[in-house]
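Protein chains: 2
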Amino acid sequence: MTTVGVDVGGTKVLAGVVTASGAVTRVVRRSTPGRLASVEATEDAVVAAVAEAADGAELEAVGISAAGFVDAAAERVAFAPHLPWRGEPVRARLEERCGAPVVLDNDANAAAWAEYTLGAARDADSAVVVTLGTGIGGGLVLGGRLHRGFGGMAGEFGHAQLVPDGRPCECGGRGCWEQYTSGNALLRHARAGLGTSAGPLAALCDGDPARMTGPMVTRAAAGGDDVARHAFEEVGTWLGVGVANLVAALDPEVVVVGGGLVDSGDLLLTPARAALRRSLVGSAYRTVPVLRPAALGPEAGMVGAALLAGRPAGR
Amino acid sequence: MTTVGVDVGGTKVLAGVVTASGAVTRVVRRSTPGRLASVEATEDAVVAAVAEAADGAELEAVGISAAGFVDAAAERVAFAPHLPWRGEPVRARLEERCGAPVVLDNDANAAAWAEYTLGAARDADSAVVVTLGTGIGGGLVLGGRLHRGFGGMAGEFGHAQLVPDGRPCECGGRGCWEQYTSGNALLRHARAGLGTSAGPLAALCDGDPARMTGPMVTRAAAGGDDVARHAFEEVGTWLGVGVANLVAALDPEVVVVGGGLVDSGDLLLTPARAALRRSLVGSAYRTVPVLRPAALGPEAGMVGAALLAGRPAGR
Numbered sequence: 575m576t577t578v579g580v581d582v583g584g585t586k587v588l589a590g591v592v593t594a595s596g597a598v599t600r601v602v603r604r605s606t607p608g609r610l611a612s613v614e615a616t617e618d619a620v621v622a623a624v625a626e627a628a629d630g631a632e633l634e635a636v637g638i639s640a641a642g643f644v645d646a647a648a649e650r651v652a653f654a655p656h657l658p659w660r661g662e663p664v665r666a667r668l669e670e671r672c673g674a675p676v677v678l679d680n681d682a683n684a685a686a687w688a689e690y691t692l693g694a695a696r697d698a699d700s701a702v703v704v705t706l707g708t709g710i711g712g713g714l715v716l717g718g719r720l721h722r723g724f725g726g727m728a729g730e731f732g733h734a735q736l737v738p739d740g741r742p743c744e745c746g747g748r749g750c751w752e753q754y755t756s757g758n759a760l761l762r763h764a765r766a767g768l769g770t771s772a773g774p775l776a777a778l779c780d781g782d783p784a785r786m787t788g789p790m791v792t793r794a795a796a797g798g799d800d801v802a803r804h805a806f807e808e809v810g811t812w813l814g815v816g817v818a819n820l821v822a823a824l825d826p827e828v829v830v831v832g833g834g835l836v837d838s839g840d841l842l843l844t845p846a847r848a849a850l851r852r853s854l855v856g857s858a859y860r861t862v863p864v865l866r867p868a869a870l871g872p873e874a875g876m877v878g879a880a881l882l883a884g885r886p887a888g889r
Numbered sequence: 575m576t577t578v579g580v581d582v583g584g585t586k587v588l589a590g591v592v593t594a595s596g597a598v599t600r601v602v603r604r605s606t607p608g609r610l611a612s613v614e615a616t617e618d619a620v621v622a623a624v625a626e627a628a629d630g631a632e633l634e635a636v637g638i639s640a641a642g643f644v645d646a647a648a649e650r651v652a653f654a655p656h657l658p659w660r661g662e663p664v665r666a667r668l669e670e671r672c673g674a675p676v677v678l679d680n681d682a683n684a685a686a687w688a689e690y691t692l693g694a695a696r697d698a699d700s701a702v703v704v705t706l707g708t709g710i711g712g713g714l715v716l717g718g719r720l721h722r723g724f725g726g727m728a729g730e731f732g733h734a735q736l737v738p739d740g741r742p743c744e745c746g747g748r749g750c751w752e753q754y755t756s757g758n759a760l761l762r763h764a765r766a767g768l769g770t771s772a773g774p775l776a777a778l779c780d781g782d783p784a785r786m787t788g789p790m791v792t793r794a795a796a797g798g799d800d801v802a803r804h805a806f807e808e809v810g811t812w813l814g815v816g817v818a819n820l821v822a823a824l825d826p827e828v829v830v831v832g833g834g835l836v837d838s839g840d841l842l843l844t845p846a847r848a849a850l851r852r853s854l855v856g857s858a859y860r861t862v863p864v865l866r867p868a869a870l871g872p873e874a875g876m877v878g879a880a881l882l883a884g885r886p887a888g889r
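Residue numbers (the numbering used here), protein chains in the order written: chain A, 575 to 889; chain B, 575 to 889.
Derived by calculation from the structure, the hints in this document are not laboratory data. Here a beta-carbon is modelled for each residue, glycine too, at the ideal position from N, C-alpha and C. A couple of the hints might just be wrong.
[Claimed, not checked] Estimated spans, in silico, between C-beta atoms of each pair:
| no. | chain 1 | residue 1 | chain 2 | residue 2 | range |
| --- | --- | --- | --- | --- | --- |
| 1 | B | A666 | A | H804 | 48 to 56 angstroms |
| 2 | A | R660 | B | D739 | 35 to 43 angstroms |
| 3 | B | R851 | A | D782 | 38 to 46 angstroms |
| 4 | A | Y859 | B | D780 | 38 to 46 angstroms |
| 5 | A | L610 | B | G769 | 52 to 60 angstroms |
| 6 | A | A594 | B | T585 | 52 to 60 angstroms |
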């Protein structure tokens, strides 16, 4: 009997066989048909990836981690910016097609559950998980339970307002946290700072801000480039300020930071830890939660979905 | 057998007999000896109030709601700005002196539990409770459990930073939410707006901002005074912005607003609801939590403490 976890992202479907202890024994990748594809084509890709991962073994359960909003009942993908689902009963449909129990959640929740169960927060009772991608994904595990919220919308703290009348956000609001701390924010800071710099970052992008990418900024910062390091300091400081607000409200044992930016390690986390300590009320007189890099990398959503499918009590 | 709830505030001790269904059958009041009194005198006052409330009946349990920081184990009052406790094992000491099981928590948590169990959130699965006093007190009940946090510090969202480099706060930080939404903030807005106004508020305070009090602002606003109404709009708007951030993170079913300011009703809550809807990401496409006034008034802490003592499973 095999449990398969599937992470359905905007560009790829990642499916893997995950053991009860969270080990990944086989992984397959397929490209996602995309936002303009039919719902059926997307579901075909998921079902095919599950079958390929299972490789003929009998399915015990399937966990689906979707890059979109999943409803309170964890039955439907209400909306997904990069996928065609618009309220379809995804869980039930995939359960019928896979012939095994299916559990559905959004990718940030699935990743948070994986980090809590096996990863950077595995020794903690409560954890806030902040995933820095293009924007910010979030998940909360409180007292051993994934906190999904009344409408399944908990963890959307990327759109908390950190700066009144601040930068406009794609969500229609202004001053959202993810405008200051995310892959996009890093790139914006670095582009704005490039000027006439002749450092490694300028060399990587031929002095053209438009050609600059996130990985270039990370590489240049690791190599000591001042513009790139300053961009990490900005993003890290705002990360710490936003985390301090979450800690003031929730007082978790651990805060886990995931996503590609975390590969830069202390470049991001040192200023974040300093800002957290500075911004958190009474930090000299209380336990300041540890700010840890995520441990499971880009497979966290897939692994977490499989773990949720195997132990739905976590819900 | 009688359960007594005690609210130990900066100026008074309120003790009451509370039935299992939350009815208050007898209340006594004593003044609190104050911050400079001895720990023993404070505990004497609590014990005497408990005995007077019980009136000879055998004690089943005592719940203590304290205006201070209570540790993670709910054993000690770590610090209380208006009371002499500084880390004393208050729960065990009062248990010994009362001769009955004692449960201890901070006043905001106790009030949140009361509103959740019997008050404005009694039909909800999860609630965020915001109490507006001099500052902001907060409590979270998530999935039927009081969320106290790893160090007992959850709910301190009054010190979330809402405005970068904003108003200095007594906590040492800047731009804390309670600098914009609280009894003090209301008074500051009204004083700043008084100018040469000849309206009802100016009449109440003889045109002298220093003589203005919170209740004057509430009375004047109810009577249509422009300066007072504008102050409520400011405070209400910031209330809604801060609540939107909590909702983005937690997605509770209900948000309860308590404290004296709530007596002003829609003067405060109408601008708060508008700002919540404006600030909350995707509010047109999701369930926006109801923002309700607290139902239990100033006895909420006392009642909640008694309920926690009677049903410690809520912890």
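Next on the checklist: Let me make sure I understand: some of the numbered hints might not hold for this structure. Which ones are they, in numerical order?
Outcome noted: none
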